[in-house]
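Based on the provided sequences and hints, a complete structural model is requested.
There are 2 protein chains.
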Amino acid sequence: MLRWNEVSADAQAAALMRPAVSASVKVKEICQTIMANVKEQGDDALLAMAKEFDNRPTPRLLVPIEEINNAVQQLSPELRYAIDTAYANVKRFHQAQLPKDIKLTTQPGVLCELKYQAIEAVGLYVPGGSAALPSSVIMQGVLAQLSGAKTIVLATPVQGNAQINSAILYAAKLCGITTIVESGGAGAIAAMAYGTGSVPKVNKIFGPGNSFVTMAKQLVAQTIPGMAIDMPAGPSEVLVIADERANPEFIAADLLSQAEHGADSQVILLSNNELTIERTQHAIERQLAKLSRQDIAAKALANSSLILVDSIDQAFDVSAQYGPEHLILQLADANPYLGKVKNAGSVFVGDYTPESAGDYASGTNHVLPTYGYSATYSSLNLLDFFRTYTVQTITQNGLKNLSKAILPLADAEGLDAHANAVKVRLEAMNRGNE
Amino acid sequence: MLRWNEVSADAQAAALMRPAVSASVKVKEICQTIMANVKEQGDDALLAMAKEFDNRPTPRLLVPIEEINNAVQQLSPELRYAIDTAYANVKRFHQAQLPKDIKLTTQPGVLCELKYQAIEAVGLYVPGGSAALPSSVIMQGVLAQLSGAKTIVLATPVQGNAQINSAILYAAKLCGITTIVESGGAGAIAAMAYGTGSVPKVNKIFGPGNSFVTMAKQLVAQTIPGMAIDMPAGPSEVLVIADERANPEFIAADLLSQAEHGADSQVILLSNNELTIERTQHAIERQLAKLSRQDIAAKALANSSLILVDSIDQAFDVSAQYGPEHLILQLADANPYLGKVKNAGSVFVGDYTPESAGDYASGTNHVLPTYGYSATYSSLNLLDFFRTYTVQTITQNGLKNLSKAILPLADAEGLDAHANAVKVRLEAMNRGNE
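Sequence lines, in order, name chains A and B.
Heads up, the first sequence is in my numbering, so the first residue is 388 and it goes up one at a time.
Heads up, the second sequence is in my numbering, so the first residue is 388 and it goes up one at a time.
Treat the hints with care, as some may be off.
If several chains are the same, the list does not tell them apart, and a pair holds so long as it fits within one copy or across any two.
[Unchecked claim] As a list, the in silico DSS-like pairs of lysine-lysine whose alpha-carbon atoms are at most 27 Å apart: (1) K787 with K677; (2) K490 with K791; (3) K791 with K478; (4) K502 with K490; (5) K478 with K502; (6) K502 with K487.
It should be emphasised that the hints constitute simulated quantities derived from the structure, not laboratory data.
Encoded structure:
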């Protein structure tokens, strides 16, 4: 337990320090080689990599549509209900985010519009295709579907003789995805970025992945004009703010549900009550012993901090400084504090709102900014699948009036031709009026 | 003149090819050195660079507030009116973009919210501080002001004994900007990214600039966690689609107003009428001879294409393929075609809507995606100064129902602790009901 007000600023900063994430030069070089191969040899490169890296004896690139359609038959009724419910809630919440065009006359005769255009072709990456990670499909696929993107490609890796998990295929089907590529890592990213014989070229690539996927996404965004990616990805993290009446079992369970994600996950508890922190420590020990991923969770806990603060107000200041991906508020009444929330990816309010609700099924998106990016980056939302552009339409009289603003500015900036584009039109109007 | 349907696909692609833009390794190394200096030595590094690179005998970093307040006295009434009008129109159009939070119950007891948070500290870069470029201040500053950002820093370079132009200072004052840094290039970007004694650290940096500014922006975004930048910057471009009744003088003036921006600008004309193209060529020659920046414009024209297409429909297809920053439609009736607009930054509709209207004063933003980025990137808009995050609040009954979606998904993904965070709560509810 760290007593926030009794340690130096350096010790405070150290407690909020994230494990360093540095992509090795080697990862970059491997990605560049893979990207060059895929760019030149297309499908052949993907097939060769499937044999070499994924041990696929007879690799194929695209999942036949019947397999996608029939996947539902492999699911238990409970899992099917869960996927259907998650899909419906996520769809409902993101449908409410559908953007509306704006049309406004800024001054007489000058009409300005802001319009939304769906990004035409999007690529969705889902890690670990043979494991069941349907939530990752839903959190990306629903948005692509709602945007009306013309082309949606989903890529996921498959090893050995395994097949893509039925839960993934069923979730993809719900999202209207028919192009599913059995390929992973930097090769899959390159295939979607450049296009191959089988894989359509996309404009923007979404989704989490290992260091090769992350690096390949960065490289295609940096080197291919017009190519975009969703957001920088880092290890997952949660910060819990709990008062003296919070249930230590709930706090411990929330911290552990984050810690089991990966050894590099980070969990932080801030409380104004020493006993709450002590009891949470005991609850963590009890619960950890029963987890199947206890080794991973234990490693993550080693990077983590339980911090005693003076007040709940101070906890919100510390949280804003850290900028957590997930922020859980186990407070008697969180309402007075909600205005103090800053730099969080997604907030979970009250004793009965665990992070796993948002991870799977509440309706919010689980793709969130990590590693301090929550000061500037958004939670994944429907607008990430759109771009905006503007339109202006000016009448003759509108231009006549507006010329009094344009001409002095063009003159001041020494741009004759900018002024001339207005002047030739004013002259034409004058000739027309003669 | 290129006859689109009479040349090979390669020749078509070549006609739409943008001049290559490659940042040299040297530019990158210089930026890295400058960034390291500013990070370590702060203000001292900025002052040393002002002496060395900008020939400032007695450099200062911040403009005193009285100078900002008094700048209006140096302006002609015409220029003041122009700045006031541009400010008002840009403000009106961007105010209409203020986002609204979303609140939605996705299923009983499960409340989901999407909330907007202004990015707290933003940095605005304006090139050429001693030249009058007030439009660049307005196009960034109005948005920062409307967002309610707590900290707004404007940086602009000044050479020798010159002062920051009064038009810039006055535009900044209108936008409520009080922190103006007399510093340019990679040093200014580093100062805003790291913070110095005089320059506040910001979260996101906006604005155009030369290759050093562009490179420094990329480097700070890549290396400082949480740091963001507006969009990749490239040379400016316009594409005009004109029918047989379009006025060649107008077309020529629009092409030249783009060409005068820089030798690397690109201008393209698409018309279905050979005579229109020929007459435009003559008009370009006549108008070019009278321009003060004719050397620059002539160089840009050398990279450019006048293309004869079969139909206006085909022109829109070619335009979508190119993805122009500015798209001008000089058509008898553009309305039937507006649905075909794709991958454009800003669209100018009709004979009396020159690009210079949008560059300065119509109300739309002149910071636009270039170099093909218009397939994925937005025109600068108010949301670029905000981020979104989500909030969920779940009741006991809400969680009970939602658990039927969460638990099978957590089980399928093998994440015990995720399931346990729900189970400990269900158990507590059951105990409470006993």
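Item to check | Within, between, both or neither: K502, K487 at alpha-carbon 27 Å | outcome: both (8 Å within a copy, 17 Å between copies)
Item to check | Intra- versus inter-subunit Cα pairing at 27 Å for K478 with K502 | outcome: both (22 Å within a copy, 17 Å between copies)
Checklist entry - How do K787 and K677 come out at 27 Å by Cα distance, when the copy is not named: within, between, both, or neither? => result between (77 Å within a copy, 23 Å between copies)
Next on the checklist: If the cut is 27 Å between Cα atoms, do K791 and K478 qualify within a copy, between copies, both or neither?
Outcome noted: between (49 Å within a copy, 18 Å between copies)
Item to check | Intra/inter-copy verdict for K490 and K791 if alpha-carbon distance must be at most 27 Å | outcome: Result: close within a single copy only, 23 Å intra versus 44 Å inter.
Item to check | Copy assignment of K502 with K490, given that the CA separation must stay at most 27 Å | outcome: both (9 Å within a copy, 24 Å between copies)
Of the numbered hints listed earlier, not one is contradicted by the structure.
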